[in-house]
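Listed below, chain by chain, are the residues.
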Amino acid sequence: MLKIKNLHVKVGEKEILRGINLTVGAGEVHAIMGPNGSGKSTLAHVLAGRENYQVTGGEVHYDGKDLLAMSPEERARGGIFLAFQYPIEIPGVSTTYFLKAALNAVRKHRGLEELDAMDFLTLIKEKIKLVEMDQALINRPLNEGFSGGEKKRNEILQMAVLDPRLAILDETDSGLDIDALRIVAGGVNALRRPDRSMLVITHYQRLLNYIVPDFIHVLFDGRIVKSGAKELAIELESKGYDWLKSPVAAVS
Amino acid sequence: MEALERTEHYLSLFRQSYGAGALPSWFGRLRESAIESFARLGFPALGSEEWKYTSVDPIASVPFAHANGEGRAVTGDIFAPAFVDETCARLVFVNGVYSAPLSSLSGLPAGVRVAGLRAALAANDPALEMHLGRAARYREQPFVALNTALMEDGAVVLVPEGCRMAAPIYLVFVSLAQEQPLQSQPRNLVVLGAGSEAAIVESYVGIEAGNYFTNAVTELFAAENAVVDYYRIQREASRGFHVGAVEARLSGGCRFTAHGITLGGSLVRNDLRAVLDGEGAECVLNGLYLADGDRHVDNHTEIEHAKPRTRSLELYKGILSGSARGVFNGKIIVHKDAQKTDARQTNKNLLLSDRAVANSKPQLEIYADDVKCSHGSTIGQLDGDALFYLRSRGLAPDDARSLLSYAFARDVVGRVKIPALRERLDDYLAICFDRKREPGR
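Protein chains in written order, with the working numbering: chain A, 1 to 252; chain B, 253 to 693.
Some hints could be false.
Calculated cross-link-like contacts (lysine-lysine; reagent style DSSO-like; alpha-carbon spacing at most 30 Å) [unchecked claim]:
#, chain 1, residue 1, chain 2, residue 2
1, B, K669, A, K125
2, A, K151, A, K230
3, B, K624, B, K669
4, A, K239, A, K65
5, A, K108, A, K125
6, A, K151, B, K592
7, A, K108, A, K65
8, B, K688, A, K151
9, B, K688, A, K129
10, B, K688, A, K108
11, A, K3, A, K14
12, B, K688, B, K592
13, A, K226, A, K65
14, B, K624, B, K592
15, A, K125, B, K624
What the hints contain is simulated information worked out from the structure, not anything from laboratory work.
With the hints as extra help, turn the sequences into a complete structure.
As structure tokens, then:
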């Protein structure tokens, strides 16, 4: 599904990712953990196609295709979805309007007919149940005045509607209280499927109590310094990230 | 034409029209006083305080002829382009003159008086002498002076105390082009009794190509606790010139919402002034201006907090493309005894091309010490983060840009309270930005 080989990325003069290697198979859920500034969000944005990052080395293959050669919209239409850490507010159009435009752009690309208003309404009514959202909320301007929890639920709603094959969740747990976290994680779990892979990026182990990954990778200073099964999260929780810093220092 | 000649052209128009018909003597004196002001003031010079970025040369240099609206019949639909809901009461003016066949006054509540200014003057309605020229600053503002000197017709809306009108009234000003460029000077008066509620929609529309000049003035007086929803929609033809002034006087406890929407015209200047003249009065000013090509749109607003505990909330947004220019000047004056004033002003400009220009100037004059005042202004292109967000959802760059521009404008149109009007404006925006309209909103 996704193969990242020796990926190097710069922002300005600063090298943020310094040789990432990662393979994600179909249906697998991988968690990427790491302290602030380790490059987690950079990785998420590079995979989604954000322009102000400079890839200086390595390659990324998605379904056998060269992902880095694709525009953000091509990636989205091809089944990649990024749940943003800081979702954008767009006063003037509702979530419903925005999401219908997005879904139809994706459907058009896939050779499917555009959904009309009625069909879309039926679809979205079903999907908002997943994230326990009120329908009034999705008729309000997109994310404007939404609480942190509402914004994150809205991201998961978009994921449910756009039906991706690779979902990247960038710090989806940040700024959530425990109830919102439970709802958001519940939505994500309901979307787990044998043909859908996920990359769950988080600073805290807490989220992984709810979304239990198949693999965990620790990102530090632009490299994956440790990989393991879900138990690794518990080890990180008790020991913190410091114990992982020395091997990096030794390598560099 | 030389400056003197330019002024003289209008003095001669004044002499031609003055004394025609049996009009009240106070009205004649008002007009005389106004033409004296105009003769003294002349056309404003570019760079003067109030006309810093807007040259009126294109207007002043054309000897616009006096329009005679009765001379030509209107062919084609004027209501759709003017966004008018035909089920509502309306007064229609063609080239500045009232048209009975196009107007409809059915369904108005008892006691509400709606008429053309000419007819109201002929009847010498006492409300006219009491209000006409009492708010408009014809001694200081050249175009207001010109309008006051040359006014012949326009809309008069008088709503009695306690009357709550369920449906809006549309005031429609249609300009037809003629071989010789025409000018019209619509003059409107709206008087709302204490505790009354009304929605008034002024719509200016040009339905033919060709050059003309509309110079409109509206005076609005709202007594205690009146609730007013006021719209001024301007969709002049692409070569039309439009200068408009609105003067609103708001008594204690009034709630005044104004929506200034500028969609057309090649050279446009709007002045909107609201005086919060009683304790607890509130005003909300929403503005949208769209300009492309080499059009020039200048919006000046002025809010005077004259009494304590008054509130104002202002949002003006502009989208400028091509080599268009948008000017926003937002003045807020807080008088010495207007303590506990709360005033918030925002102006946002979206530039869709490298050649488009926006000038934004907030102007706060605060003479009280216990007040909350804020202002913010932005000028810029579409937000890169927002574009990426949309593209990451599958939208092509052009599609994403069109959606964001549409949303930017719709943020203002979404505040329109009259559903039928909001839908019509939304349809217009959808076409402008090549979008599908969201149904049912």
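Check whether the Cα positions of A:K108 and A:K125 lie no farther apart than 30 Å.
Cα-Cα ~22 Å, so holds.
Between the alpha carbons of B:K624 and B:K592, is the straight-line distance 30 Å or under?
holds, 7 Å
Given pair status - A:K14, A:K3, alpha carbons within 30 Å:
holds, 24 Å
Regarding the pair A:K239 and A:K65, is the alpha-carbon distance no greater than 30 Å?
With Cα atoms ~39 Å apart, A:K239 and A:K65 exceed 30 Å; violated.
When you check the alpha-carbon spacing of A:K108 and A:K65, does it fall within 30 Å?
Holds. A:K108 to A:K65 sits at ~21 Å (cutoff 30 Å).
Does the alpha-carbon distance linking B:K688 and A:K151 stay inside the 30 Å limit?
holds, 25 Å
Starting from B:K688, check that the Cα of B:K592 is at most 30 Å away, please.
violated, 44 Å
Is it true that the CA of B:K669 sits at most 30 Å from the CA of A:K125?
Given pair B:K669, A:K125 holds - Cα atoms ~27 Å apart, limit 30 Å.
30 Å limit on alpha-carbon distance, applied to hinted pair A:K226 and A:K65
Within the cut-off at roughly 27 Å; holds.
Pair hint A:K151 and B:K592, alpha-carbon separation not exceeding 30 Å
Given pair A:K151, B:K592 is violated - Cα atoms ~35 Å apart, limit 30 Å.
Are A:K125 and B:K624 close enough, with their CA atoms no more than 30 Å apart?
Cα-Cα ~43 Å, so violated.
Hinted pair B:K688 and A:K129, Cα distance within 30 Å:
holds, 27 Å
The structure is inconsistent with the numbered hints 4, 6, 12, 15, although it conforms to all the rest.
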